[in-house]
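K.L.:
This is what each chain is made of:
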Amino acid sequence: MAVQPQPQMPKVWRTETKPHKFCPGCGHPLVLKAIGEAIEELVIEERVVFGCDIGCSLLAWDFFNLDSIQTHHGRTTPVITGVKRANPDIIGIAYMGDGGGYAIGSQHLVNAATRNEKITVFLVNNTQYGMTGGQMAPTTLPGQKTETSPYGRDPETTGYPTLGPEMIAAITGPNAYVARGTVSNLRQLKRMVKRALENQMEGRGFSFVEALSLCPTNWGTNAEETWHWLEEDMAKYFKVGELKVPGEAKEG
Amino acid sequence: MAQKPIEGEKKVFMTGNEAVAWAALAAGADIMYGYPITPQNEIMHYWTRLAPKYGRKFLQTEDEISAGFTAVGGVLAGRRAFTATAGPGNILMQESMCMAEMMRLPTVLVVTQRGGPSTATVIYSQQEVTMTCYGGNGEGFRIVYSTAGQQDLFDYTLKAFDVAWKYRFPTFVLGDGYQAKMREPLVIYDPEVRGVTITPSEPYMAKSGKPGVDRPPTHLRNTYNMEEELLAAVNELANAYAQMAPQVVESQEFETEDAEVVILAHGVVSRAAQGAVKVLRSQGYRVGHFRPITLRPFPDEAIKRVAEKSRRLFLVESSQAQFRKLVTDSLYGVSTPLTSYLKPGEGITVDEVVAEVKKLF
Amino acid sequence: MAKGAKIAIAGEGGQGVQSVAGILSEAAYDEGFEALYIPNFGVEQRGGVSVAYVQISDEPIGSPKFKIADIVVALSDRAVHRTKKYVGPNTVFVYDADIKGVDGALPKNAAKVLAIPAIRVAKEELHPRVFNVIIMGAVIGATKVVDIDVAKKALTKKFGYKFEQDPSLRDLNYKALERGYELVQG
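Residue numbers (this note's numbering), protein chains in the order written: chain W, 1 to 252; chain B, 1 to 361; chain L, 1 to 186.
These aren't lab readings, by the way, just hints derived from the structure by calculation. Hints are all accurate, no fakes.
Coverage of chain B stretches by chain L, computed from C-beta distances (three or more under 8 Å per stretch; other residues unrestricted):
id, region
1, 118 to 126
2, 182 to 196
3, 264 to 272
4, 349 to 359
Where is the CB? At the ideal position from N, CA and C, for every residue including glycine.
So here's chain W without its partners, still in its complex pose (with noise of 0.2 Å):
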């Protein structure tokens, strides 16, 4: 291959499964590349148990050189749950989409949290649901139209977007790790994903990470708008920054 030069890759991602599946100007990769760098710095991968979802989200179920099992829509977190508590030296990860999250696995993240699994759950939030073609999700802002929400999302009859960190941070307690990140910001997104697996490394609690992310495919936006979508649009409904951090200032 002729191809170069590369831009540098973390070691944990597995060369013998790139490329990868993900569309082109999808935004799971990114996110998948600031999960996999942190966990080579925190030098943690003998240890992390990877779950994904179902959804786009499953398509990483051979992305990296660690342990990995994909799941069902939204049982990540109970799997990782069942990981984590039969053998506490693991380093849990459930890696999941907002209709995973928010819809179909709402009842084991709200639970997850509130009984403060030492887990980490990062979500990546895309408003709508990818694998299935484009439906409309919990994150789906108003207005915005997708397949189920073809004139737009009517607040009125189908309610306001999910605000997953906040619910997140409301339920928890003190020792809780949450953040929203963005990957239109990947050096902050990397640092919070590394907050995040730190909280869980020192057995302090839950700590969960959104990612706002994109899907240009379903949105069917050029690379143009799919920036404006993200850090407009988007942004003006789900505030970037950390929510709750144990003992520490916050960021953002």
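Dock chains B and L against chain W, hints included.
P.N.:
Relative to the frame of chain W, chains B and L by itself:
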């Protein structure tokens, strides 16, 4: 390390739920995940009282979906993990048990059947046979033991932990509300003194060594892109299941040798059948009883042998023919006529079976 | 036929029906009998009548519930209505004499219908808390499935620590057992 939960063996008088908790302890179960539902609750109650004394764990989850999936997680971490449920909870656990089938995860699930459909009664039935054997969008790649009382519950809960890890299929102990709640005598024992071995567990995840460097990473999935890929995966499961079946299948026969009429029953109803055989034999009727202990895999050969040499089969169960479906499927091609006595959600007594069987003479 | 008895005891919550059944079946088991006891439970029981099903036999016990009992004990009006269905031509039906207005509801097909003043005896002669021990005595008296001394041993096994703290409790319980036994004689 804490002492053994049971030293030697002991004759006791206890409920089935208590017997299950002791068996799980004796089998070396590491962790129970559970959610309240009647008539299973006391398995959790006894476990939560006993487990901490022996360094074992418990997690009460938010629902049965979670109890099933956390049990899957416990298995992935390499621990003997189990859960218990009934009725509507069994429905919710089918999702995780399908995943366990697909990924060959040895979860252990104790079912205390209650009445159905829907919430129905909390008391008793044999109406969770189809669901426990074939529930979910799967092919029934599971091991299901149908128990008939407290001694069975103890013995087969022990065995469930062994065969689950030996063959890596989700394993079910199918009891019922009667067995869960009644008290009767049994012997509980340290498996070692009986020479009973329990296959050790081992981690699927987070084994030693750096994944991708010292060893390949474990990548488990249940999603396939192509039909051909799935067919190959399911064929592999089916082959593994077929190879396992002869090692695991179990049944019991009572006076079937010269029996004109053979009573077919499983689980607690088998007790009524055994009692009826005794009464009827004492009155000169040539009656026997065949009891499958494993409903999955089903004892096809044994039941065929019995069916072919008897004049008539009499099937009795506390469900609207869920057991009969297993039987008739198994007996395809055998022409012995079969009469059935179906009482969905109600217990069956010796007297009833005696009266019904006499009509066949 | 096998030696033993099928016993249904029914009453209101707090009358101690289930503990009688538990002690009785365990006593029989300790004596070398097969014994099986199952309560009604859950939704079946909430706000309803508490029923205990006990079977004692010298042979392994078939099904945990039965259609027809050898002895039925009903301790409230609702219990009379609830347990009539367990009565057959060989059944002894025992109910408390203080239950009013159930005369029409009493089973007509029983071998024997027996009213015993257990509630009154408990209140006037002994103590209300040993009401269920009187009932236990009555069940033993009616079925003779275990010896009264075996029942005393079972009570001591169950309440030994209380008896040691207060020896008068032992006498009270034993007396209750004996009175119950007497009530169903003759």
